[in-house]
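Top line first, the protein sequences correspond to chains A and B. When we follow my numbering, the leftmost residue of the first sequence carries the number 1, and every step to the right adds one. When we follow my numbering, the leftmost residue of the second sequence carries the number 1, and every step to the right adds one.
FYI, nobody ran anything at the bench for these hints, they're computed from the structure. Values in this document were obtained by computation on a predicted structure and should not be read as measured data. Heads up, the beta-carbon is just placed ideally off N, CA and C, and yes, glycines get one too. Keep in mind that the hints are not guaranteed to be accurate.
[To be verified] Listed below are the simulated DSS-like cross-link pairs for lysine-lysine, each with C-alpha atoms no more than 30 Å apart in a straight line: (1) B/Lys-226 <-> A/Lys-129; (2) A/Lys-129 <-> B/Lys-264; (3) B/Lys-68 <-> B/Lys-283; (4) B/Lys-73 <-> B/Lys-121; (5) B/Lys-90 <-> A/Lys-70; (6) B/Lys-130 <-> B/Lys-64; (7) B/Lys-356 <-> A/Lys-70; (8) B/Lys-324 <-> A/Lys-70; (9) B/Lys-68 <-> B/Lys-324; (10) B/Lys-173 <-> B/Lys-205; (11) B/Lys-73 <-> B/Lys-260.
[Unchecked claim] Pulled from the structure, derived: some chain B residues nowhere near chain A, Cβ distances all over 12 Å: (12) Gly-56; (13) Asn-59; (14) Asp-60; (15) Thr-74; (16) Gln-112; (17) Lys-121; (18) Asp-123; (19) Ile-126; (20) Lys-130; (21) Ala-174; (22) Asn-266; (23) Pro-326.
What follows is the residue order along each chain.
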Amino acid sequence: MTSTATPVAATPVTAAVGADPPRGRPRRPRSAWLLLLAPVLVFDAVLFLTPIGRLVTQSTHDQAYQRVLKDPLVVRSMLNTFEISALSTLATVVIGYLLAVVIWRRGPLMRVILFALVLLPFWTGVLVKNFAWAVLLQDNGLVNSALQGLGITDGPLALLHNRFAVIVGMVHYLLPYAVFPIFAALAAIDDRLELAARSLGAGEASVFRRIILPLTVPGVSAAGLLVFIISTGFFITPVVLGGPGDMMIANEIDFYARQLTDFAGASALALLLTLVVSVLVAAYQRILRAGGEYEAG
Amino acid sequence: MVENSDRSMSRRTLLRTAGFTALAAPFAGSLLTACSSKSTPSAKPNTTVTVTSYGGSYNDQLTKTLLKPFENKTGIRSTLLANTSLAGLKAQVRSGDVQWDLVELTAPEYLQAVDEGLLEKFDYSIISDKGLPSYARAEYGIKYLSFLFVMAWDQTHIPDARAPRNWEQFLDKAKYPTKRSVYGQLSDSSILEAARLAEGVPFDKIYPLDVDAALRYLARHPGRDKLIYHTANQEPIQQLTSGEVALSTSFNNRINAARKDGAKLNFTASNGVVAGDYFVVPKGARNKEAAFRLMDFMSNDADAGADFDRTTNLTLANTRALAKLPREVADTLPTSPKLADTILVRDDAWWAKNLKQTEQRFKLWQAGS
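For reference, chain B alone in the conformation it holds in the complex:
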């Protein structure tokens, strides 16, 4: 019975202080590193940069194509975590116990973090901007990545010939009576834009986004009972391969990675939505110089960058790498001019201004009101 009491106590205590777990968790580690790190004036070879991203296949690809080559070149090691979040960054900066050095944020989250003063200014005397495209260079971060929000399907249930070609078909419950899985949050997912596109709104009229109209459309096509929600990027892959759903929103690189592993999934880039992620350095990060050197490497090393683009089918903000890519790879990237006419570019400024209230509105709608 002792186990019983301990468990019920720690669970509830944990839940009551949910907002604080993020603060408490890194506490133990900080004791170990606190003494040594302050005395390091610059990025020495035995430095370790702590990088956070979204996990799953993408973290494997990041490690293989960028972090390992960076370590081989500079001797700077890195630890890649899978739990990146603005909340975690904010909790660390507020508590003054910053564990992360380089943090991936979605574009609206980046703008919010700038507003709240949570970030270090990027040092472009360390980061050469020769290979960095102008759209990616920002004061407090680099929009290092462009990805494509797409519709994906399970080929064992929906052969490619019957697959949806646009969002109207994807959301059509007469055509596909099964459930669809969509991302439950909106910070880097574009299901509301998808609903507007399905209704026939042209690309250049999507913003300012009419959230009410989008939700009205989703309520009828396909209806709440035909939608389930995922909360992590790797989840739709599991839902599709386990047969729980036959259709899902996802990102082009996730589906490609699953296909390379033999999964019978496919997606279309047509009607996709291009969005970008930033790497930022939290205010007070212990290894910010090493983090900037890693950003310099990502933005300028042609071979590693090209390997990243090839492996992930995502666009790294590195023009030297793009120049090295064969045409057939370049044409599949989210930023390819070939796709420009069939895809929507996400409006980061609109989302930065409206993200919170829209997230709440969407959550409430999901709950049925």
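Bound conformation, chain A alone:
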């Protein structure tokens, strides 16, 4: 039932967390799968665990944790990260849901075209997308010129170097991450459910509220959590599109490492972020599993 939904949404996180032995497969001799895992384990040990280990050691120096948690800038950037991620997630999921429904309702050809339109920006680098937004949103940019040209505004609106711009840039980046899991959930809905509902007299709104929405809840939660997790790590978008008040935790890590050359503090911050994201990743996998059981049963 979830064969279309789960792999699409689960791949990024499984990859991010690292080696996850296959579940429920026929038993093979222990040594065989260990051997197959060996390249991944070596890769992870050298390129992921070693640096993380050094971060841990480094973060224990100079009372780094106490120091960074007392820094008002850190507190501020943590609150910013939470607020910006939450707002971006909300906007992404709402827009992504609408987009997914539109794609789902079209015929095969239109679907291909619409998916291409979703994927095209997805394959474009985040920096390119952000600078494009900066060009559009600046005081003498396209948006402001158009608004003034049409006589809608007198002077330029402040569209760049603020939270609005950061969220616009992030939503643009994040949209595919929401569209795909939600679309997968929609595609998995049995067509006959809707026919049955209609034959019993349900209108469009009722079908949506009582059939489609409940059945896509797991897809939406998965999309929301995935998007939120990715949001917490944004770095370049607040730099290019935000103002100084929009710095997120990754920017603060960069500030500690590069400007203050306080590597212990930067490591402590990086590990705190890792910790929070790990908890979210665990929650994400629970949702996926719960969603699978719900739909399977």
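Fit chain B to the known structure of chain A by using the hints.
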């Protein structure tokens, strides 16, 4: 979808280990050079010195006026990188994998690096100090460069006749209602000094710097909503030429270089702030002898030095070069006695002691508290 997962993973992994990227990046290159470099006892002609500076037009000028002539004279080649930073230097020295040979640091960064024991002592048996002015000679580096922190404007929006003549006018939002771009960090930018000067504090009373008073002034003139921040030296040139801002802080050489390329920008040296940069050699640098020979060349070669001064309008710490300059060029340099009465000399010692907490304070202020 595979691309999707790979990308999200590598991005986040990268960000989580942000402090370590500096360590990891040079790792690959070191494998290639590690075996060969140790066996080189002295700077042979096929040595390559890795030099780091700030990039943009300045790197082109460094290459043309100093690095190429040095190579022609000695056969020692150099690679010039644009990503100089104390953080990068520190990460390399700490990890024992030193990729850079000659590193540009701001004056407060130099003093911090000395404190933390990250630098090689300069060998003045290789570097002749005949052409080196005494202010530039230091134990662990040479203050090779003096530059001028200035106010700059876009001539298409602000004709020279209406341009600011001092920091009070520059920060006056009634006179210029547009946004101003200022350098977001303080290690070689002097916006806080500028705010004190704008308030009427005389040059000799600027230090010890009253940071709170400077920030209070900036909060009213021009106010946070009229300030945007740049993070790289070439950025204000783009912001000015694209029309994003009409006023910006910058450095005299950057504006001059842009003008030579046809940009309609200008600046005034009046009310400028003179500061200096050091070249240092990281502890454990592979080609330190070649680096010292390059420093010897920079400090003593009259022709190359004069070409550098002429091209950049910056003062190289090389008295032989200064002696060769025509008066009209010498008068425009940051160290010209003609300017001495109208410019402020940055207090490196104060900044070395107060840089970190002031950077944090300024960042917090920018964020609105």
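Going through the hints against the structure:
| no. | hint | result |
| --- | --- | --- |
| 1 | B/Lys-226 <-> A/Lys-129 | holds (26 Å) |
| 2 | A/Lys-129 <-> B/Lys-264 | holds (29 Å) |
| 3 | B/Lys-68 <-> B/Lys-283 | holds (26 Å) |
| 4 | B/Lys-73 <-> B/Lys-121 | holds (25 Å) |
| 5 | B/Lys-90 <-> A/Lys-70 | holds (25 Å) |
| 6 | B/Lys-130 <-> B/Lys-64 | holds (24 Å) |
| 7 | B/Lys-356 <-> A/Lys-70 | holds (16 Å) |
| 8 | B/Lys-324 <-> A/Lys-70 | violated (55 Å) |
| 9 | B/Lys-68 <-> B/Lys-324 | holds (20 Å) |
| 10 | B/Lys-173 <-> B/Lys-205 | holds (25 Å) |
| 11 | B/Lys-73 <-> B/Lys-260 | holds (28 Å) |
| 12 | Gly-56 | holds (17 Å) |
| 13 | Asn-59 | holds (19 Å) |
| 14 | Asp-60 | holds (23 Å) |
| 15 | Thr-74 | holds (33 Å) |
| 16 | Gln-112 | violated (8 Å) |
| 17 | Lys-121 | holds (21 Å) |
| 18 | Asp-123 | holds (26 Å) |
| 19 | Ile-126 | holds (29 Å) |
| 20 | Lys-130 | holds (35 Å) |
| 21 | Ala-174 | holds (16 Å) |
| 22 | Asn-266 | holds (20 Å) |
| 23 | Pro-326 | holds (40 Å) |
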